[in-house]
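Peer 1: Chain order of the listed sequences is H and X.
Under numbering that gives the first Met the number 0, the very last position in the first sequence is 454; numbers go up by exactly one each time.
Under numbering that gives the first Met the number 0, the very last position in the second sequence is 446; numbers go up by exactly one each time.
Note that these hints are calculated values from the structure, not bench results.
A couple of the hints might just be wrong.
Partial pick of chain X residues on the chain H-facing surface, computed with a CB cut under 10 Å [what the hints assert, rightly or not]: (1) 19; (2) 28; (3) 121; (4) 170; (5) 196.
Pairwise CB distance ranges (calculated) [unchecked claim]: (6) H:396 / X:368: 41 to 49 Å; (7) X:24 / H:315: 30 to 38 Å; (8) X:12 / H:53: 27 to 35 Å.
Every residue gets a Cβ at the ideal spot worked out from N, C-alpha and C, and that includes glycine.
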Amino acid sequence: MASPASILTIVAIAVPWLASILVAVYRRQTRSVGSVACLISVIASALLLQAAPAGESLYQALMLLFSCLALLATFVLARRDCNSGSIGGILFVLGSTLLAYSTENLLILLAAWILSTVPFFLTRWLRATSWRPSVGLLLSSLALALAIALIAGEGNAVSIEHLKGQNPGGLAAFALLVIAVIFRKGICPAHAWVADAAEGGPAIPTALLLNGHFGALLVAKLIVPLFPRTAGNLFPVLSYLAMGTALYVAIRALTENSPRRLLAFLALSQSACILAGLESRTAEGIAGALVHWFVVTVSTMGLFGILRLLEVRFGENLTAARHLGLAEHAPRLAVFFAIFGLALVGLPGTLSFCSQDLLIHGTLASHPLTGLLLPIATAMNAVSVFRLFTRLFLGQRRTGFTLMADALPRERWILTAGVLFVVLGGLFPNAIVAQRSAEIEAVAQKTPGLLSPVR
Amino acid sequence: MNPSQAALVFVVLAPGSVFAILGLLWLLGWVPAERLVCRITGLTFSACVIGLAAILWKLASTGAPAVVVTFGTWFAVHDYHFPLVLMADRISLPFLGLTVVLSGLIGQFSATYLHRERGFLRFFLLLHLFAFGSLLAFAAGSFDLLAAGWELVGITSVLLIAFFQQRSAPVENGLRVFAVYRACDIGLLVSIFAMHHWAGTASFADGLPHLTGTQAVIVCLLLLLAAAGKAAQVPFSGWLPRAMEGPTPSSAIFYGAISIHAGAYLLLRVQPLLAQSTLASALVIAIGVITAIHGTIVGRASADAKTSLAYASLTQVGVVFVEIGFGWTWIALAHILGHATVRTLQFLRAPSMLHDYHQMHSAIGSELSPAGAQLEDLLPKRAQLWLYRWAFDRGHLDTILDRWVAYPLMQLSRLFGKLDNLGLRGPVRRTEEAAISLGSAASQGGD
Numbered sequence: 000m001a002s003p004a005s006i007l008t009i010v011a012i013a014v015p016w017l018a019s020i021l022v023a024v025y026r027r028q029t030r031s032v033g034s035v036a037c038l039i040s041v042i043a044s045a046l047l048l049q050a051a052p053a054g055e056s057l058y059q060a061l062m063l064l065f066s067c068l069a070l071l072a073t074f075v076l077a078r079r080d081c082n083s084g085s086i087g088g089i090l091f092v093l094g095s096t097l098l099a100y101s102t103e104n105l106l107i108l109l110a111a112w113i114l115s116t117v118p119f120f121l122t123r124w125l126r127a128t129s130w131r132p133s134v135g136l137l138l139s140s141l142a143l144a145l146a147i148a149l150i151a152g153e154g155n156a157v158s159i160e161h162l163k164g165q166n167p168g169g170l171a172a173f174a175l176l177v178i179a180v181i182f183r184k185g186i187c188p189a190h191a192w193v194a195d196a197a198e199g200g201p202a203i204p205t206a207l208l209l210n211g212h213f214g215a216l217l218v219a220k221l222i223v224p225l226f227p228r229t230a231g232n233l234f235p236v237l238s239y240l241a242m243g244t245a246l247y248v249a250i251r252a253l254t255e256n257s258p259r260r261l262l263a264f265l266a267l268s269q270s271a272c273i274l275a276g277l278e279s280r281t282a283e284g285i286a287g288a289l290v291h292w293f294v295v296t297v298s299t300m301g302l303f304g305i306l307r308l309l310e311v312r313f314g315e316n317l318t319a320a321r322h323l324g325l326a327e328h329a330p331r332l333a334v335f336f337a338i339f340g341l342a343l344v345g346l347p348g349t350l351s352f353c354s355q356d357l358l359i360h361g362t363l364a365s366h367p368l369t370g371l372l373l374p375i376a377t378a379m380n381a382v383s384v385f386r387l388f389t390r391l392f393l394g395q396r397r398t399g400f401t402l403m404a405d406a407l408p409r410e411r412w413i414l415t416a417g418v419l420f421v422v423l424g425g426l427f428p429n430a431i432v433a434q435r436s437a438e439i440e441a442v443a444q445k446t447p448g449l450l451s452p453v454r
Numbered sequence: 000m001n002p003s004q005a006a007l008v009f010v011v012l013a014p015g016s017v018f019a020i021l022g023l024l025w026l027l028g029w030v031p032a033e034r035l036v037c038r039i040t041g042l043t044f045s046a047c048v049i050g051l052a053a054i055l056w057k058l059a060s061t062g063a064p065a066v067v068v069t070f071g072t073w074f075a076v077h078d079y080h081f082p083l084v085l086m087a088d089r090i091s092l093p094f095l096g097l098t099v100v101l102s103g104l105i106g107q108f109s110a111t112y113l114h115r116e117r118g119f120l121r122f123f124l125l126l127h128l129f130a131f132g133s134l135l136a137f138a139a140g141s142f143d144l145l146a147a148g149w150e151l152v153g154i155t156s157v158l159l160i161a162f163f164q165q166r167s168a169p170v171e172n173g174l175r176v177f178a179v180y181r182a183c184d185i186g187l188l189v190s191i192f193a194m195h196h197w198a199g200t201a202s203f204a205d206g207l208p209h210l211t212g213t214q215a216v217i218v219c220l221l222l223l224l225a226a227a228g229k230a231a232q233v234p235f236s237g238w239l240p241r242a243m244e245g246p247t248p249s250s251a252i253f254y255g256a257i258s259i260h261a262g263a264y265l266l267l268r269v270q271p272l273l274a275q276s277t278l279a280s281a282l283v284i285a286i287g288v289i290t291a292i293h294g295t296i297v298g299r300a301s302a303d304a305k306t307s308l309a310y311a312s313l314t315q316v317g318v319v320f321v322e323i324g325f326g327w328t329w330i331a332l333a334h335i336l337g338h339a340t341v342r343t344l345q346f347l348r349a350p351s352m353l354h355d356y357h358q359m360h361s362a363i364g365s366e367l368s369p370a371g372a373q374l375e376d377l378l379p380k381r382a383q384l385w386l387y388r389w390a391f392d393r394g395h396l397d398t399i400l401d402r403w404v405a406y407p408l409m410q411l412s413r414l415f416g417k418l419d420n421l422g423l424r425g426p427v428r429r430t431e432e433a434a435i436s437l438g439s440a441a442s443q444g445g446d
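Throw the hints in and build the complete structure from the sequences for me.
Peer 2: This is how it looks when you write it as structure tokens:
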């Protein structure tokens, strides 16, 4: 007899998958089908989180977050985007991502990793126009498959629980896992595909793909528990790469004029901060990274959602090269954009202020010199966010079309929910931080040497 | 919590609550009437003044050094704690008083000044957010909390510079100011980390963190970077005239009174640490002297009233820095209070300056006599001309920052862009070019 937790997990994963098949076949009422499926996932994930023991609720929390995000996506999606491809893709990515979060089996993790990328290879669904996203995702999947083959071959097991601390597959498996993280996460020099995917693909489903944070998941789920010793010695390398990426991409964003690419760079830079925090080997850094995971996910989703709403209203050739003055037409969308944008880069009163605070303390404690790159990168990202905001929304009112609708009630309510999450999270951060802190303490007890900063 | 502690919490939270409630209701579709916004603003700041008066009465009657409210830890991870402590002592109380009184006055002034302006509600929302940020920074009992208020003051300042959003110049100037603020705030963030790392706390409610000589120097230098950025000291003075693009009431309260003195407040807070470090004190004095001289020379070549006033402010803040560097805390505090009130009045009178002059001319029946002899007349003609050019370009500070910081960074960014597109012939590059050309075409059409 399956346990209630297993049943809830299966429901949370299977319902979106079944709904995606239904949407692909039936092709009607796509938004309704999609939102109901996401809602069921949200409820199942919430029940799982409630039932999870204290200190072991990270993946359940991430499942709830991601299913809420998918629900937000189905509501924010403009009517013209509400086709079977987009909704089906979102639901398929949701099911695959929840599978990756919930599994403790290497082969299932690999399957989820690959399945989450499938919609982005299908022309009818979510495929980007450039070749780099396909290659990036393919190489990351290939590296992970080889690593898992090595780990399973040498460890004679596919359960992550059984392989913990055994260093299975040795340095080769570790290196392949790091390569998988680099390609999937978009760490320099494999970062360009992320911007291409954001620009050439559908905005909201691509944001959902990026916000799965599979690279960070791999670090938290496989690399740290399976390779504590190797990770201890070689983590600084990945950490430097992550911090270098955060700065490189932040500099790159300073002159980027395509709003989608710019947002992708910002998301990438902030995601690299997550990785740098996870690899800091300090409780503050890891907790900051986990909290920042929540912040980046919600904020970038909100930003991409608003950008898509602007594209639908004002055309797809928006640019940050000149002022477009869209706030005159859409003042509420402008305010939502400003809040999500500044929430991404540490505005006080939002959750990212706490996560950035923890991240900066963690990385500086771990790497006193290179850790400085993180606040510098965040400052540059803040300038880029503000530049994009001013170019899109401020300046002389753009003419050439008649009155355009501001945020519709449906969009307004769902974006307000996102804003409330980042703001209430910022006002009462301990509700989230304390849980992450407890999880880190629990993991640290099981993984000796996890919290020993490299100096 | 006793009544004076409750009053302190109320004073800090009231403007923030008004901002949050009005902002949320507006986001959900409600637009309040101008009169209602003004009444709420008046009531809020009046109540805050009463609250502060109660705290002052309590301190005066009991002789207590400070009212401290400890809420415990905002969040904690392992050994790291973010303390949530509010404090009103003899340094912070004058700043708290200045903030609530001037915010209330500016609110009343703006009710008429911005009547039927398109951004009326936006201005008042930002005024409340600014007041909340300032009060949080001044009432903070730890540098962590001070940083939160500090950042809020920065972002509201920038959003008010870009208040007249239909024109490109204020928007671009806002962006520039934001960049300077963020760059300098790195000093504050890293100094807070350093205090936690070395002393285990960044709280100053029970005295400043204990640091060794070298540690104190490093922390003071980092804080000086943040203070110099916020107070527009040399070499960051270039943003101040750009900030004059905002509406006059916001210029008055930000650059005449509160925001411009926030840097001085930060240095006043760490004065005992500064006193430990001769190097840091000397640097504070040097920056103050250079800024004061820079401000007075550039101010003389400024063509408009608000910019002249801004540079006059800069000169006085430079002098305040010198006073702090010498350890004359109470003189600096008195100087700040006097300067802030006078300068706010001058800023608020600036739009009616011509009218005032006409009235004076009418009253005396002729033109006003010239101001008298100028010190620069003592210089040779060529030197005067050079000095005028130097002052006209505002000491070349923006040019230097552009040439040595902004331009290389942009070039590096473009180089990274080329590296990203290396070997790419496909749609991405074409799309990028198309986006730029279409954007230009659209905005030309719009213009």
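Peer 1: Do the Cβ positions of residue 396 of chain H and residue 368 of chain X conform to the proposed distance bound of 41 to 49 Å?
Peer 2: holds (47 Å)
Peer 1: Do the numbers back the hint for residue 121 of chain X, that is, is its least Cβ distance to chain H under 10 Å?
Peer 2: holds (9 Å)
Peer 1: Does residue 170 of chain X hold up as a contact with chain H if the rule is Cβ-Cβ below 10 Å?
Peer 2: This hint holds: residue 170 of chain X lies near chain H, its Cβ roughly 4 Å from the closest one there, short of 10 Å.
Peer 1: Restraint: residue 28 of chain X near chain H, CB-CB cut 10 Å. Satisfied or not?
Peer 2: Residue 28 of chain X check passes; min Cβ-Cβ to chain H is 7 Å, inside 10 Å.
Peer 1: How about residue 19 of chain X: closest beta carbon in chain H under 10 Å, or not?
Peer 2: holds (8 Å)
Peer 1: Given residue 196 of chain X was flagged as interface, is its beta-carbon under 10 Å from a beta-carbon of chain H?
Peer 2: holds (6 Å)
Peer 1: Using the Cβ atoms, figure out if residue 24 of chain X sits within 30 to 38 Å of residue 315 of chain H.
Peer 2: holds (33 Å)
Peer 1: Measuring from beta carbon to beta carbon, are residue 12 of chain X and residue 53 of chain H in 27 to 35 Å?
Peer 2: About 32 Å separates the Cβ atoms of residue 12 of chain X and residue 53 of chain H, which means 27 to 35 Å holds.
The structure meets every hint from the earlier list without exception.
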